[in-house]
Structure formats: structure tokens, C-alpha cells
Amino acid sequence: MLWNNFRLYWRRNLINSKIRDTIKKTNKFKYIGEWLTLKVNKEIVKNMDKKEIDWEKTLYYIMNKEEGGKEITSEKDSRNRTYNIKNLIEKLPTYIEMETRNTEIYNSRCPRCRWDIENWTHIWNCNKNEITIYEIITSKRIEKRKH
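Take the sequence shown: its letters are residues 310 to 456, numbered as in the working numbering.
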């Protein structure tokens, strides 16, 4: 019978569970903490107690589970996840966002209506959009009912 003479301690506490699982959990919490303390996530963190965000559905959406999520790794999946995260933290590349990066090239007016300042809210509500947010939601509901 083989016996492992090594024991793992963390902050003077013996780790009785599987070492690999413990390290995975520790790293997961570390990365979540780092993500939550980013400047761009300030609004999300500020509103966490208001229960405005369904975190289970949000993570499902970010992880792109409807299109495979963890089971696949592709460039398309990576782009979709990036888009989902940028949408959540309201950092889609709107003209106002791009203008803060380079004021000489970009103008903050919406390129479709040329009237309002294009910010995160305006890109979804512009009256010159080809499809409205209402139409997107309605089509998704119909699509869900079919499945």
C-alpha cells in the first residue's frame, strides 16, 4: 500500500479535499475578484444588491451556452463571448466610445440618424435601425416556443 507523506496546508489549514479542485476553486475566486474590481465593472458591482441582474442567466448568456459554450472552442465562439461581455459592461464600440480613444477621427453623432449622440443606449433605440429591440425580443420568444 502506497502512502502519500505530503500534506498541503494553506494559511495553516490542512487541505483535506482534492488539491487540484482546491486550486481550481481558489483561482476561480481570484479571477472573479479581479474582474469585479475592474473600473469598467463599477456600475455592475454598485447595482449587485438591487437584484436587477439574474446572474445565472447572465453567465449562461456570456458563456454562449445555446451555441455550445464550453463544449466548443472556436474563433466564432470567442467573438460571440467577447461581444456578450462588452454588451454587458456597455463597452460596445459606439462612436462616443471610439471618440474617447481618438478625437481626431471619430464624431460622436450617430451615423444612422446623424442627430443624437451615439452611446450604448442609443444604438438600441435609434429610430433608423433596420430592426427594433422589440422585434428582436419578439423573434427570440417565438424561436424559444418552437423548441
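FYI, nobody ran anything at the bench for these hints, they're computed from the structure.
Glycine included, each C-beta is placed from N, C-alpha and C at the ideal position.
Some hints here could point you the wrong way.
[Claimed, not checked] Using 25 Å as the maximum straight-line C-alpha spacing, the simulated SDA-like pairs for lysine to any residue come out as follows:
| hint | residue 1 | residue 2 |
| --- | --- | --- |
| 1 | K348 | N325 |
| 2 | K449 | Y392 |
| 3 | K333 | R316 |
| 4 | K395 | K455 |
| 5 | K400 | S387 |
[What the hints assert, rightly or not] For each label pair, taking beta carbons as the anchor points, the in silico distance ranges come out as:
| hint | residue 1 | residue 2 | range |
| --- | --- | --- | --- |
| 6 | K327 | C422 | 56 to 66 Å |
| 7 | T447 | I332 | 22 to 32 Å |
| 8 | E439 | N322 | 17 to 27 Å |
| 9 | H456 | R316 | 46 to 56 Å |
| 10 | I440 | K351 | 27 to 37 Å |
How the hints compare with the structure:
{"no.": "1", "hint": "K348 <-> N325", "result": "violated, 37 Å"}
{"no.": "2", "hint": "K449 <-> Y392", "result": "holds, 18 Å"}
{"no.": "3", "hint": "K333 <-> R316", "result": "holds, 18 Å"}
{"no.": "4", "hint": "K395 <-> K455", "result": "violated, 29 Å"}
{"no.": "5", "hint": "K400 <-> S387", "result": "holds, 17 Å"}
{"no.": "6", "hint": "K327 <-> C422: 56 to 66 Å", "result": "holds, 57 Å"}
{"no.": "7", "hint": "T447 <-> I332: 22 to 32 Å", "result": "violated, 46 Å"}
{"no.": "8", "hint": "E439 <-> N322: 17 to 27 Å", "result": "violated, 58 Å"}
{"no.": "9", "hint": "H456 <-> R316: 46 to 56 Å", "result": "holds, 50 Å"}
{"no.": "10", "hint": "I440 <-> K351: 27 to 37 Å", "result": "holds, 31 Å"}
Of the numbered hints given earlier, the model fails hints 1, 4, 7 and 8; all others are met.
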